[in-house]
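Chemist: So the chains spell out like this:
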Amino acid sequence: MKIYGVALLCGCFLAGKFLGLLLGELIGIPGDIGGVGFAMFLLMLLSLYLRKKGGFSNTTESGIAFWSAMYIPIIVAMAATLNVHAAFGGGWVAILAGLAATIAGYLLVPLLSRIGRPTDRSQKPLE
Amino acid sequence: MDWMETLIEKNGLILAFLVVGLIMGAAYAISRYLTRGRLPGAALAILIGLGLAFLGGERGVADHPLFAGMAVLGGSMFRDFAVVATAMGADLETIKQAGRAGVVALLSGVLIAFVAGAMVALALGFSNPVDITTIAAGACTYIVGPVTGTALGASSDVIAISVAAGVVKTLAATIGTPFVARYIGLNNPHSAMVFGGLIGTTSGVVAGLAATDARLVPYGALTATFYTGVGCLLCPSVLFILVRLLV
Chain V
1 MKIYGVALLC
11 GCFLAGKFLG
21 LLLGELIGIP
31 GDIGGVGFAM
41 FLLMLLSLYL
51 RKKGGFSNTT
61 ESGIAFWSAM
71 YIPIIVAMAA
81 TLNVHAAFGG
91 GWVAILAGLA
101 ATIAGYLLVP
111 LLSRIGRPTD
121 RSQKPLE
Chain S
1 MDWMETLIEK
11 NGLILAFLVV
21 GLIMGAAYAI
31 SRYLTRGRLP
41 GAALAILIGL
51 GLAFLGGERG
61 VADHPLFAGM
71 AVLGGSMFRD
81 FAVVATAMGA
91 DLETIKQAGR
101 AGVVALLSGV
111 LIAFVAGAMV
121 ALALGFSNPV
131 DITTIAAGAC
141 TYIVGPVTGT
151 ALGASSDVIA
161 ISVAAGVVKT
171 LAATIGTPFV
181 ARYIGLNNPH
191 SAMVFGGLIG
201 TTSGVVAGLA
211 ATDARLVPYG
221 ALTATFYTGV
231 GCLLCPSVLF
241 ILVRLLV
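From first to last, the protein sequence lines stand for chains V and S.
Counting in my numbering, the first sequence runs without a single skipped number right up to 127 at its last residue.
Counting in my numbering, the second sequence runs without a single skipped number right up to 247 at its last residue.
One should not assume that every hint holds.
To be verified - Using 25 Å as the maximum straight-line C-alpha spacing, the simulated SDA-like pairs for lysine to any residue come out as follows: (1) V:LYS52 x S:LEU107; (2) V:LYS17 x S:GLY25; (3) V:LYS2 x V:LEU50; (4) V:LYS52 x S:LYS96; (5) S:LYS96 x S:SER155; (6) S:LYS96 x V:LEU14; (7) V:LYS2 x S:LEU233; (8) S:LYS96 x S:LEU107; (9) S:LYS96 x V:ILE3; (10) S:LYS96 x S:SER108; (11) V:LYS17 x V:SER68; (12) V:LYS2 x S:ARG182; (13) V:LYS2 x S:ALA214; (14) V:LYS53 x S:MET88; (15) V:LYS17 x S:VAL130; (16) V:LYS17 x S:LEU233; (17) V:LYS53 x V:CYS10; (18) V:LYS17 x V:ALA65.
It should be emphasised that the hints constitute simulated quantities derived from the structure, not laboratory data.
Chain S on its own, in the form it takes in the complex:
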């Protein structure tokens, strides 16, 4: 069956489009007929995707040779490309109006995630400022964690914890956002920009918004895209000095 392997290996990306199409079809059918539209099809499709990720390892379902193309389709290149394309539907005036709120959200988002992460680390018995800072940075995003940890010379197991904390945040934002959206007023571009700045993990923000209301995606993405940078800037510097002073 060598030729079957060739068919799949050489056409991974095309197969990925087909697989995702089938997932979307199944999700929208389930949403319509089983939940009568209460659970949005997009949210369900993302949940099915996450479920599939459990079948694989580091690269999720893409670890399986049959689904290797999913890593390309779901990789950062296509993701960022599609996010930029959504800007076509965004309103420049609204963005200008929410600009100040977005910047405040960005700074408070990094701060509050860091404080929350640091409290948890402290409560669970970490006392070394480097460890606390690294774990707290991981609570920002799974990129800020290792960048901070490497800069401060944290041990590799602490860095692994910080990456894990960031992944948990991405998952929590992906799954939780459609359910909490109603209660936190996340139904307009203005609050979507604030949301993007506060949560900050680009994948979590865009997946969470996509599951809630796809029209909000460009606004959330606009602020979230700066979050990791701000986090990488503040965590190993100002915030680390603060932790060292306080602990």
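One chain only, chain V, in its complex shape:
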């Protein structure tokens, strides 16, 4: 049943958020640190485990797939509710600082992507 997939997703989501908030609490930062990341790992591991056990049918998966597909529409709604005027309310300092940080990040992508990249299957050390 589809609801099983949705419920599994909800369970992983809440457990991940719980871990993220707990981590934030432990190191004294208000808010959720990596909650989404923890939830994603949980979902990947649990679905892998359930699939092995045979308890993960296609309809179950379609309950998750639906929300995964709603992702871009949700981002469109998010974009429409951003406080875009704030971006210009901060003056040139804000605009330049934000742009400089983004461009600096872009420039480092090709450089850091080299770390640990599998160059060739045959060159990979045997385990």
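We have chain V already, so just place chain S on it with the hints.
Modeler: Using the frame of chain V, we list chain S on its own:
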């Protein structure tokens, strides 16, 4: 026309789904017929969304009662929920392989955004270490800025600048990513994880990746979700001490 208001007020979220559906439809049609697929439909839809945001205020288009439901649909609950759902399509092996690069990207991402922000603040005449640190923290994300500023006791106008810097970064990542993706090799899960760690603003990363190639979203989100935490940890502590030593 009271009953019309009831129709909209009580069903805001449903109306939001309809509105977004229409935006998507229009964007994909424009993409296909006017740009012949050169500008991806998803990117165009996000741009239309941003354009609508200009019509409103603090909550974008959701400030208008007709579109109040957009704030729920586009809020962090649904956003994070959908991002987690995309993990279903992610490959655990790839993530393990890119793990080290992701961690390095995360730390360098916070550092480089902070340095870039601090240089701009310095260049434009800020000299107080607290102000410089707060603005530089804002260049990380619009959450790191105010968290750092509050911790250091920055004035509210400096905190406002730091939030603005973070929003500019989100917008720049949203709009810029599909255009630069080709030049920075952002076409595989490995570089998407590095990208998420380097840019870090979750909304900007996921929107930028969605506009580029939706399959990369889970990988970028995985690292980006830790960025704000790392930033909140480093900016008001180690990085502030460094700024105080150097300025």
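Chemist: Going back to the hint list, which numbers does this structure go against?
Modeler: Per hint list: 1, 2, 5, 7, 9, 12, 15 violated.
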